[in-house]
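2 protein chains.
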Amino acid sequence: MASAIQTLPGFRDFAPRDCAIRNYLFETWRGVAQTYGFTEYETPLVEDTELYLRKSGDELPTQLFRFEDQGKRDVTLRPEVTASLARLAARVQRENPKPMKWFEIGQCFRYEKPQKGRGREFYQFNVDILGESSAAADAELIAFAIDTMKALGFGPDDFRLRLSDRDAWMIFAEKHSISDPSALLNIIDKMERMPDDKVSDLLSAIGLTRETVDDFIKNGSSPALDAVRADLSARDLLSYTETDLSIVRGLAYYTGVVFEIFDVKKSLRAIAGGGRYDDLVKGIGNVDLPATGFAMGDMVIRHLIEENTLALAQMEAWLDRQSAADVYIVVADEEKRSNALRLLADLRRAGVSTDIALTAAKVAKQFKSAQNTGARLALVIGSEFPEMQLKNLVSRSEETIHPNADAIAHIQAKLDSPDGPLLA
Amino acid sequence: MASAIQTLPGFRDFAPRDCAIRNYLFETWRGVAQTYGFTEYETPLVEDTELYLRKSGDELPTQLFRFEDQGKRDVTLRPEVTASLARLAARVQRENPKPMKWFEIGQCFRYEKPQKGRGREFYQFNVDILGESSAAADAELIAFAIDTMKALGFGPDDFRLRLSDRDAWMIFAEKHSISDPSALLNIIDKMERMPDDKVSDLLSAIGLTRETVDDFIKNGSSPALDAVRADLSARDLLSYTETDLSIVRGLAYYTGVVFEIFDVKKSLRAIAGGGRYDDLVKGIGNVDLPATGFAMGDMVIRHLIEENTLALAQMEAWLDRQSAADVYIVVADEEKRSNALRLLADLRRAGVSTDIALTAAKVAKQFKSAQNTGARLALVIGSEFPEMQLKNLVSRSEETIHPNADAIAHIQAKLDSPDGPLLA
Numbered sequence: 001m002a003s004a005i006q007t008l009p010g011f012r013d014f015a016p017r018d019c020a021i022r023n024y025l026f027e028t029w030r031g032v033a034q035t036y037g038f039t040e041y042e043t044p045l046v047e048d049t050e051l052y053l054r055k056s057g058d059e060l061p062t063q064l065f066r067f068e069d070q071g072k073r074d075v076t077l078r079p080e081v082t083a084s085l086a087r088l089a090a091r092v093q094r095e096n097p098k099p100m101k102w103f104e105i106g107q108c109f110r111y112e113k114p115q116k117g118r119g120r121e122f123y124q125f126n127v128d129i130l131g132e133s134s135a136a137a138d139a140e141l142i143a144f145a146i147d148t149m150k151a152l153g154f155g156p157d158d159f160r161l162r163l164s165d166r167d168a169w170m171i172f173a174e175k176h177s178i179s180d181p182s183a184l185l186n187i188i189d190k191m192e193r194m195p196d197d198k199v200s201d202l203l204s205a206i207g208l209t210r211e212t213v214d215d216f217i218k219n220g221s222s223p224a225l226d227a228v229r230a231d232l233s234a235r236d237l238l239s240y241t242e243t244d245l246s247i248v249r250g251l252a253y254y255t256g257v258v259f260e261i262f263d264v265k266k267s268l269r270a271i272a273g274g275g276r277y278d279d280l281v282k283g284i285g286n287v288d289l290p291a292t293g294f295a296m297g298d299m300v301i302r303h304l305i306e307e308n309t310l311a312l313a314q315m316e317a318w319l320d321r322q323s324a325a326d327v328y329i330v331v332a333d334e335e336k337r338s339n340a341l342r343l344l345a346d347l348r349r350a351g352v353s354t355d356i357a358l359t360a361a362k363v364a365k366q367f368k369s370a371q372n373t374g375a376r377l378a379l380v381i382g383s384e385f386p387e388m389q390l391k392n393l394v395s396r397s398e399e400t401i402h403p404n405a406d407a408i409a410h411i412q413a414k415l416d417s418p419d420g421p422l423l424a
Numbered sequence: 001m002a003s004a005i006q007t008l009p010g011f012r013d014f015a016p017r018d019c020a021i022r023n024y025l026f027e028t029w030r031g032v033a034q035t036y037g038f039t040e041y042e043t044p045l046v047e048d049t050e051l052y053l054r055k056s057g058d059e060l061p062t063q064l065f066r067f068e069d070q071g072k073r074d075v076t077l078r079p080e081v082t083a084s085l086a087r088l089a090a091r092v093q094r095e096n097p098k099p100m101k102w103f104e105i106g107q108c109f110r111y112e113k114p115q116k117g118r119g120r121e122f123y124q125f126n127v128d129i130l131g132e133s134s135a136a137a138d139a140e141l142i143a144f145a146i147d148t149m150k151a152l153g154f155g156p157d158d159f160r161l162r163l164s165d166r167d168a169w170m171i172f173a174e175k176h177s178i179s180d181p182s183a184l185l186n187i188i189d190k191m192e193r194m195p196d197d198k199v200s201d202l203l204s205a206i207g208l209t210r211e212t213v214d215d216f217i218k219n220g221s222s223p224a225l226d227a228v229r230a231d232l233s234a235r236d237l238l239s240y241t242e243t244d245l246s247i248v249r250g251l252a253y254y255t256g257v258v259f260e261i262f263d264v265k266k267s268l269r270a271i272a273g274g275g276r277y278d279d280l281v282k283g284i285g286n287v288d289l290p291a292t293g294f295a296m297g298d299m300v301i302r303h304l305i306e307e308n309t310l311a312l313a314q315m316e317a318w319l320d321r322q323s324a325a326d327v328y329i330v331v332a333d334e335e336k337r338s339n340a341l342r343l344l345a346d347l348r349r350a351g352v353s354t355d356i357a358l359t360a361a362k363v364a365k366q367f368k369s370a371q372n373t374g375a376r377l378a379l380v381i382g383s384e385f386p387e388m389q390l391k392n393l394v395s396r397s398e399e400t401i402h403p404n405a406d407a408i409a410h411i412q413a414k415l416d417s418p419d420g421p422l423l424a
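So the sequence lines, in the order shown, correspond to chains Z and E.
Counting from 1, one number per residue, gives the positions in the first sequence under my numbering.
Counting from 1, one number per residue, gives the positions in the second sequence under my numbering.
Incorrect hints may have been included.
Covered by chain Z, per the in silico footprint, the following chain E stretches (three or more residues, Cβ under 8 Å) [as the list claims (entries may be wrong)]:
1. 135-146
2. 188-198
EDC-like, lysine to aspartate or glutamate: derived pairs with alpha carbons at most 20 Å apart [as the list claims (entries may be wrong)]:
3. Z:365 / E:95
4. Z:336 / E:95
5. E:368 / Z:80
None of these hints come from the bench; they were simulated from the model.
Even glycine gets a Cβ: it sits at the ideal position worked out from N, Cα and C.
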């Protein structure tokens, strides 16, 4: 007997429950996108590796899932979507009114050691506003990110959005006569992971003290940050944020307001992150298109939901509503199977989710199958056909459908009008 | 100026309209799956190449998108989903009542010369019934395939499902004392693409005449085919089918009833195909689980829709209903922007799809933006706030929302109750 072939390390099978949880995330993400008036797009899963080289400024990101295809091309399973978005947006921006408010949901890949909450493939939710340089676009995007967390059932005690602005550091650098602001940003980016004395040494080498920097991290600002905060305050979302200028986001391509969403317990890495990237579309697609965007992955967020009582209860309630079928046809007399099949076809054509035991089975077993599908109604077809019995599997009540009744319309009405227990 | 980086040959960007068309297919597919009581699953996009070797019986399919990963593994971007499904189904079948009625929607890949209607990546809709060996499962699956075509707007003059059964040829082979039935199946599989004299030579070599074979192709049957036809007849779907025993489907792993859906004009290859594969789950996952399934790709079906008046009109009507936003907030007085932002947030939180001009703009320009989003209502916030104007952008009517009115509830009611022109 040959051994079973497993999934590759870091890749996942989605059995029905896992797939339903994935779909819950997708539906919630799409729901927020819809209330915000965003439009969906998609880009390829495989790209010319050059695209990521171009994006990150000649310094390839590590952990690329990179290979040579049969045509000897250097290609990569996409690690993220923004580079592809920049190409697509540049190509089609003429025919799209600005701002372009776009979102995407799809798989990304990275080649690294799989660990808890981090696989070699994952789904990512990408949200971007292109063609608008004002801080109002940053605020709209940040509000979107916060409302996404709220839509998933997280409250102000669960997460915090840390707000920052790379331009604030530019202003700071000018005020303190720092000749190379990018060296300063580089220190800020790494200081959380460095020993204190090392940080102080690096800062003093460019003429700064730790106190000056720490004070600016907590109390500094910028015109864009002030505008974003005023906007979020008008939307009643400011309490979900805190200004933290230590967030600069390593990647070279960010240009202004940046942010990250963190688990308040800090037990996990950032839940989502993003910011303004006004030069990327020009670098990749030769079109001047200011932009801001954020991304959120499915693995960390699922983990967080499963650890959060309210978010989990909301997801479980959603999962409970996902029945395989609403109506189950019980064939109590095999002589009437043709009639049952016809009713099955008619119910489905009317849009009613309907299932049936494919082969002859005891009535009790068919009722058990009905339960397994989550059906609310069982339509029993027996020797009395065209008279039938309709059983409400929730309230356990029962009624007769008479030969001349319009069974389809009757069942549809039953499903549409929740009568007491059906509301449960 | 650096040249723009293109998508790789055979890969597609989905700009918003293309993505909406993709989503139309997904929604239609999922809709049929729901009425049939099928449950969604997913499997990885990258698999151990061995999985496909195991599936196809030591003869690897050509055109695999195959490469070596950084861990020196021989891996493949999945060309199809059935092999992965067999693994997953074997692993979880104990905890799932039979039959398992499962579907999947996701990308597949093949490395071949891209051509019209055939790329290196495509979406595939996979529908399978596992754990039921009777012809009733074949009939349920075939009915699903036909109803999928109908749901997309295709009628009996547009497509035909060709029904066959490899077991019918086994019975035929026994009757005609053919010692190697697989040699016969091999001829049948290839005869459409071979010159007539070559076919006759091959057949006579195993003791058959072309006439005998042609007659059986048209008039032959099997117990399973008879049962499937009776079942489809009860469902009023038989007229969409024709028996054509020349369909044997090349792949070695099919074991019983097989079928293909063809464009009646035959201008394109098969639209969908599938059949029974009772041995595959055992071969891959060491579990005895009879199964039948079919797959349909997105590229051929989109092409067919665009060539079909009714199917295209149905899709266009769906696309027209996909507005980016339902309500557009027009800020007629920038002094009131904070109030506008608060209303924007409240409307969205109430689930109303709402957009706004992010920066100050002339009122006429904002109304133009409202049109671009497809909004049905414009909420005008000006100096009279909290009094506001609500304009119906379809009927061109207008009303005043008074300061004490519940604007959110009023707008929700407006959107829910189509009043005349809103029905359009």
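Violations among the numbered hints = Violated: hints 2, 4 and 5.
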